[in-house]
Amino acid sequence: MIYMETCRVEDNRGVGGEYRILVLRSEQIAGSVLPGQFVHVRIPRRNDLVLRRPFSVFRVRNGCMEIFYKVVGAGTRVLAETRRHAALSVLGPLGRAFPDADPDAEPVLVAGGYGAAALYMVAEACRRRGTVLLGGASAGDILLGTEFESLGWRVEVATEDGSLGLKGRVTDLLDALIARRPGEHFEFFACGPEGMLRAVARRAMQKGVRAWLSFDRRMGCGVGACLACVLDVRDEGGRRRRVRVCREGPVFEAGTVVWEEDPGND
Amino acid sequence: MIYMETCRVEDNRGVGGEYRILVLRSEQIAGSVLPGQFVHVRIPRRNDLVLRRPFSVFRVRNGCMEIFYKVVGAGTRVLAETRRHAALSVLGPLGRAFPDADPDAEPVLVAGGYGAAALYMVAEACRRRGTVLLGGASAGDILLGTEFESLGWRVEVATEDGSLGLKGRVTDLLDALIARRPGEHFEFFACGPEGMLRAVARRAMQKGVRAWLSFDRRMGCGVGACLACVLDVRDEGGRRRRVRVCREGPVFEAGTVVWEEDPGND
Amino acid sequence: MTEIGAERRAAGRKEPDLSTDIGGIRMKNPVMVASGTFGFGPEYADLVEPDRLGGVIVKGISLDPAAGNEPPRLVEVPCGLINSIGLQNPGVEYFVREYMPFLRDCGTTVIVNIWGRSIEEYRLVAIRLSEAGGVDGLELNLSCPNIREGGAAFGTDARLLRQVVTEVRASTDLPLIVKLSPNVPDIGELAVICEQAGADAVSLINTLPAMAVDVETRRPRLGNISGGLSGPAIHPVAVKMVWEATRACALPVIGVGGVSSLADALEFFIVGARAVAVGTATFSNPRCALEIVDGLREYLAGHGLAGMDDLIGTLET
Amino acid sequence: MTEIGAERRAAGRKEPDLSTDIGGIRMKNPVMVASGTFGFGPEYADLVEPDRLGGVIVKGISLDPAAGNEPPRLVEVPCGLINSIGLQNPGVEYFVREYMPFLRDCGTTVIVNIWGRSIEEYRLVAIRLSEAGGVDGLELNLSCPNIREGGAAFGTDARLLRQVVTEVRASTDLPLIVKLSPNVPDIGELAVICEQAGADAVSLINTLPAMAVDVETRRPRLGNISGGLSGPAIHPVAVKMVWEATRACALPVIGVGGVSSLADALEFFIVGARAVAVGTATFSNPRCALEIVDGLREYLAGHGLAGMDDLIGTLET
Ligand SMILES: Cc1cc2nc3c(=O)[nH]c(=O)nc-3n(C[C@H](O)[C@H](O)[C@H](O)COP(=O)(O)OP(=O)(O)OC[C@H]3O[C@@H](n4cnc5c(N)ncnc54)[C@H](O)[C@@H]3O)c2cc1C
Ligand SMILES: Cc1cc2nc3c(=O)[nH]c(=O)nc-3n(C[C@H](O)[C@H](O)[C@H](O)COP(=O)(O)OP(=O)(O)OC[C@H]3O[C@@H](n4cnc5c(N)ncnc54)[C@H](O)[C@@H]3O)c2cc1C
Ligand SMILES: Cc1cc2nc3c(=O)[nH]c(=O)nc-3n(C[C@H](O)[C@H](O)[C@H](O)COP(=O)(O)O)c2cc1C
Ligand SMILES: Cc1cc2nc3c(=O)[nH]c(=O)nc-3n(C[C@H](O)[C@H](O)[C@H](O)COP(=O)(O)O)c2cc1C
Ligand code: FES
Ligand code: FES
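Residue numbers (the numbering used here), protein chains in the order written: chain A, 1 to 266; chain B, 1 to 266; chain C, 1 to 317; chain D, 1 to 317.
Chain A extracted, bound-state conformation (with noise of 0.2 angstroms):
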């Protein structure tokens, strides 16, 4: 069931850089929102644009669905001057969520900047803790890690610029998980850039471990209905297919992507 409701707002804090907290009073959405799955955010005031911005639920407490999410643009930017007890309307829960964990496997989250968001949910569902790997540009790009931590996970961190952690990127982290564990049956949770996800994708199918990948998408309605945020996948009968990354995803699994280009050696 997708729900629209107005939301207060019941605090909406800056924790560094650009990134931000959003927690909105929710009784419908916060009550049936699975990991993984999204919303769909009017944004006030600014009747100039004509479109909801889609963020993924970072979690649920007290009755309040958080969001997490990096200012990047009019939306955003908005959205950060947004105080506390505006209403905002919100649709949701949208999409697929992640599926439940293999319990015979070690999970691992693969997440790039705020890609963490979206896997926080996961990290609090699953039976098993695991392993998070964070990546980001730079150290204020790394986040949630202690948040992780005290859920259990342990947590890895890479920067492209070396500031924090490895000097590298995320699936740096990765190759070296499965080079240090090679018996390990593994199961992939990865949210970030498509680039990320490529490349995740492509380790997952190379070491035959189940890979599950959220996508980012262009959205205008967020329930199915323009068709503008596809994505091509394979279905059982390796038939292409085009489907809705906001009905059919955002998380697929990384087998059935068709990638646009050949996911090449990154």
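These are calculated hints, taken from the structure and not from any lab test.
These numbers were taken from a predicted model, which means no experiment stands behind them.
Treat each hint with caution, since some may be false.
[Claimed, not checked] The calculated label-pair distances, taken between Cβ atoms and stated as ranges, are:
hint: 1; chain 1: C; residue 1: Phe102; chain 2: A; residue 2: Gly63; range: 29 to 37 angstroms
hint: 2; chain 1: C; residue 1: Arg162; chain 2: A; residue 2: Leu34; range: 49 to 57 angstroms
hint: 3; chain 1: D; residue 1: Gly134; chain 2: A; residue 2: Pro193; range: 53 to 61 angstroms
hint: 4; chain 1: B; residue 1: Ser150; chain 2: D; residue 2: Gly134; range: 49 to 57 angstroms
hint: 5; chain 1: C; residue 1: Glu316; chain 2: B; residue 2: Val72; range: 17 to 25 angstroms
hint: 6; chain 1: A; residue 1: Gly17; chain 2: C; residue 2: Asp51; range: 43 to 51 angstroms
hint: 7; chain 1: B; residue 1: Glu124; chain 2: D; residue 2: Ala45; range: 25 to 33 angstroms
hint: 8; chain 1: C; residue 1: Phe102; chain 2: A; residue 2: Arg77; range: 38 to 46 angstroms
hint: 9; chain 1: A; residue 1: Val15; chain 2: B; residue 2: Ser150; range: 48 to 56 angstroms
hint: 10; chain 1: C; residue 1: Phe102; chain 2: A; residue 2: Leu34; range: 19 to 27 angstroms
[Stated by the list, open to error] A few chain C residues that don't get close to chain D, going by computed Cβ distances all over 10 angstroms:
hint: 11; residue: Lys14
hint: 12; residue: Asp17
hint: 13; residue: Pro42
hint: 14; residue: Ala45
hint: 15; residue: Cys106
hint: 16; residue: Ala132
hint: 17; residue: Ala197
hint: 18; residue: Arg297
[Unchecked claim] Partner residues aside, some chain D positions facing chain B, computed with beta carbon under 8 angstroms:
hint: 19; residue: Thr37
hint: 20; residue: Gly68
hint: 21; residue: Pro71
hint: 22; residue: Arg73
hint: 23; residue: Cys79
hint: 24; residue: Phe283
hint: 25; residue: Pro286
Just so you know, even glycine gets a beta-carbon here, dropped at the ideal spot from N, CA and C.
For chain A, the structure is supplied; the task is to place chains B, C and D with the ligands on it using the hints.
Leaving out everything else, chains B, C and D with the ligands in the frame of chain A:
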């Protein structure tokens, strides 16, 4: 000289009903504005509103220029929400001022609704004090009565619903005044809805009184470039000319205005 | 018309009558959802009760499945958006099998928007949908800026327009609405051709051809380079076109383009539209069309109008 | 072009070269102010140094004085405005006598927009302005939605278009810019006709025909019933048209429509415009064009581009 000035909001307070006073810190405009001139204010934050909004300058005090406005639509609604310390872009001073009052005449200010705001600086500037006639739909639309009185003007009031002063129109007050003092040499200064201006003009022409009318027209540029705000007048030679309210006006001598419809009997 | 209105008023304080008729298509109220913005029917079911809508206009259906254009397919611009979906759809057979059962039962008027790469394709889709049952009308999309073959050409070339409407008309008994291209100097002329060729209504407007560029990468913001502009930005253009069309011919006109509030819909009715369709606004407010229905009822009651006939085409000039 | 660019780059960290050339009209930078939004020259003088503009395009001038349409002449709509000024102007004689002295001395390129009710009127105005001295180019307005005779018809009818351009071309040695109507299915075709008929450039776009209704009074919001839509709302439509025109013909194109920021101007340059003109945005921000000039200089420097030729038409598709 027309300036484009970024003005800080020093105050923005409700003064009853839909009426508010906006106090703007201004160096350039406040330093040179004359009675009857107006400013053109950019509406902040609402990118969908592409036009500025014109407002008479109500008064200048302590290096601030004040605007007395009524909340009527999208732009004034946003203005009403604008907080202290916000910055507003203001163009001004614009248009031609009321001329200096004739020292040999008894000045009569005739105001409909927020038209009173445009006449306040006239009341300040006149050497001779006279009568202010304030009209409006209801008691709440009678504005600035005590302020005019503090300046030493006699104030008379008419409301259409009779909730304050005479039940009737401001022009009924004018008729009574003229009847009361048949030998008096008057000069009228009027600002209000076009119907009221027309009625004032008719009386002025009948009695041979000089009347200065301040017009309200939809404006684009405010400086004479777009030709949106035209009004038909006759020049000295009696030739019909189409002039710009924002540049040649907003103040016109009643006798020069070509009325679209016959002034009629109102 | 005014007589009927007077009669209704005389009948006392009845609820205003929102029903309307578009070239033989009866609708319980004149507010529909526009093609391409409401999917194939069930997508918004959790949020919008379809039986409270005047009608649903289904996303464009073609003979064969179509994959549409490459992403990105949507870009937001001031007070609007540009889409280059490219008429992706699963083809008429799949549509009839998978979606018509829902649509037949959804309790509202169902209009199917159709398109083809040739007149023959238009004809075959029309025939298939006429047999399907449950379709109340067809909307011929002759104006899509997003497909290379056919598309807008049918809607701008007078000769082609006459031909495609005539041939589809001969192939189906369903009421036929023609969705024209706004990219023409004289929309009235084309509306008259539709009328002569046997169409039952026209709908105006489709999106305006448009384009946006990422100035950092210097690449188009859409996979397809250009697309069609919709949303509040185009509403004043649509109002003008609807007004012109209603003056040029007797066909009922469906007003489409930038409707996001009651006032937007009222403008269309006042200039002469017999129905409106809400498109882009649904993305931001899924219940926009329903809110307009409620607002319209209040407006009619508040203005002493007994029904839509007292409102439609009452512009005073 | 790229060679020149490379040379310039080699010459070191020089200021980028903003100068451009529109069909023989040299301009110090490619940002002008659009016809009808900057008056006859002096109106904005207190706020905008004209000698820092690329050029001023004067409000439409006709042979005889014209009173224009009845007020209200302007209505604000989402991200735009509709105007129905109706080409009010004091006539060419008065213009030359009263305004040309200011314009001759204002230190920028002066383009005069002209219109007529017949081809003969266009010709006579062109001749008078050619003799006046100080006019750097003429812009033929063949696309005004606000006058009944002539106006847009010249810009949408291929035959008339060819005729008016040919005849005006024969009457003047001034560079000739044709301002086309956006209300056509294929702007490229019309641009080619302008090229063949001897025009030196085209400018795109004029306003889109549009209309707004007061839903309480049920009257048009404009005295003239309808008018032309301008502002950010039309920018994506203009970008598409400029792109089409630059691909269809070799004429330089002036991009007009909804420019209110550096990014808007850059979009025009990237799709191929050799200059832009700022219209409606000047009302809200009189210094908009000047701010774009400054922003453009920074953009070129920041992106290692030596001049406009390194930017114009560099869309990667
Ligand atoms: C399923 C999903 C989950 C997301 N979760 C998060 C999250 O948890 N935290 C977070 O910070 N961001 C998230 N994003 C990205 C977020 O939607 C964009 O950053 C945001 O829409 C930018 O809006 P803007 O107006 O500030 O930027 P602008 O660039 O001004 O936006 C203009 C348009 O582009 C779209 N857009 C811009 N960037 C993106 C993007 N990366 N992906 C999709 N559309 C985009 C906007 O929605 C809007 O329509 C998610 C995106 C998707 C699709
Ligand atoms: C010279 C002049 C002086 C004015 N002085 C005052 C004043 O001192 N106090 C005050 O409260 N109001 C004054 N007004 C009227 C004021 O400009 C409008 O009330 C205001 O623009 C309404 O804007 P809005 O967005 O709230 O309303 P909307 O109706 O949403 O405005 C939409 C558009 O219509 C225009 N518009 C709306 N009403 C008017 C109007 N009455 N006159 C001209 N344009 C209008 C707006 O500027 C805008 O372009 C003056 C107008 C003029 C021309
Ligand atoms: C995402 C999207 C998809 C569309 N698909 C179609 C379509 O398949 N067939 C069609 O005739 N019109 C289609 N349209 C056009 C709309 O039906 C409508 O004519 C246009 O968007 C203007 O209305 P609006 O401004 O209310 O959106 C589409 C519009 C959008 C935004
Ligand atoms: C008030 C107004 C008056 C205009 N007058 C003319 C004119 O006289 N001649 C002309 O060719 N274009 C005229 N235009 C059109 C503009 O030059 C320009 O093409 C159009 O407004 C689009 O640009 P913009 O969106 O930047 O305003 C006028 C536009 C406006 C808003
Ligand atoms: S966003 Fe509309 S279908 Fe996915
Ligand atoms: S408002 Fe532009 S000329 Fe007066």
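Status of the hints after comparison with the structure:
In this structure, C/Phe102 and A/Gly63 meet the distance hint of 29 to 37 angstroms, their C-beta atoms being roughly 35 angstroms apart. Take C/Arg162 and A/Leu34: their Cβ atoms lie about 54 angstroms apart, and the range 49 to 57 angstroms holds. For D/Gly134 and A/Pro193, the hinted distance range of 53 to 61 angstroms is satisfied, since their beta carbons lie about 56 angstroms from each other. Take B/Ser150 and D/Gly134: their Cβ atoms lie about 56 angstroms apart, and the range 49 to 57 angstroms holds.
C/Glu316 and B/Val72 have their C-beta atoms about 23 angstroms apart, which keeps the hinted 17 to 25 angstroms range intact. Roughly 49 angstroms separates the CB atoms of A/Gly17 and C/Asp51, a value that falls within the hinted 43 to 51 angstroms. For B/Glu124 and D/Ala45, the Cβ-Cβ distance of about 30 angstroms falls inside the hinted range of 25 to 33 angstroms, so the restraint holds. C/Phe102 and A/Arg77 have their C-beta atoms about 40 angstroms apart, which keeps the hinted 38 to 46 angstroms range intact.
Taking the beta carbon of each, A/Val15 and B/Ser150 are about 54 angstroms apart, inside 48 to 56 angstroms as hinted. For C/Phe102 paired with A/Leu34, a C-beta distance near 25 angstroms keeps the hint of 19 to 27 angstroms intact. Every CB of chain D lies more than 10 angstroms from the CB of C/Lys14, the least distance being 22 angstroms, so the non-interface label holds. With 10 angstroms as the threshold on Cβ separation, the claim that C/Asp17 sits away from chain D holds: the shortest Cβ distance comes to roughly 19 angstroms.
With a least beta-carbon separation of about 31 angstroms from chain D, C/Pro42 lies farther than 10 angstroms from that chain, consistent with its non-interface assignment. With a cut of 10 angstroms on Cβ distances, C/Ala45 stays outside the contact zone with chain D, its closest approach being about 30 angstroms. Remark: the non-interface label on C/Cys106 is consistent with the geometry, its nearest Cβ contact in chain D lying 30 angstroms away (cut-off 10 angstroms). Under the 10 angstroms C-beta cut-off, the non-interface status given to C/Ala132 relative to chain D holds; the minimum distance is some 33 angstroms.
For C/Ala197, the non-interface assignment is confirmed: its Cβ lies about 19 angstroms from the closest Cβ of chain D, beyond the 10 angstroms cut-off. No Cβ of chain D comes within 10 angstroms of the Cβ of C/Arg297; the nearest lies about 15 angstroms off, and the non-interface call holds. Evaluation of the D/Thr37 hint against chain B yields a held restraint, the C-beta minimum of about 6 angstroms falling below 8 angstroms. Interface restraint check for D/Gly68: the shortest CB-CB distance to chain B comes to about 7 angstroms, inside 8 angstroms, so the restraint holds.
Given the 8 angstroms rule on beta carbons, the hint for D/Pro71 holds: about 6 angstroms separates it from the nearest Cβ of chain B. Interface restraint check: D/Arg73 against chain B, minimum CB-CB distance 5 angstroms, threshold 8 angstroms, status holds. With 8 angstroms as the threshold, the beta carbon of D/Cys79 comes within range of chain B, its nearest partner Cβ sitting at about 5 angstroms, so the hint holds. Proximity of D/Phe283 to chain B holds as hinted, the smallest CB-CB distance being about 5 angstroms (cut-off 8 angstroms).
Taking 8 angstroms as the C-beta contact cut-off toward chain B, the hint placing D/Pro286 at the interface holds, the least distance being around 6 angstroms.
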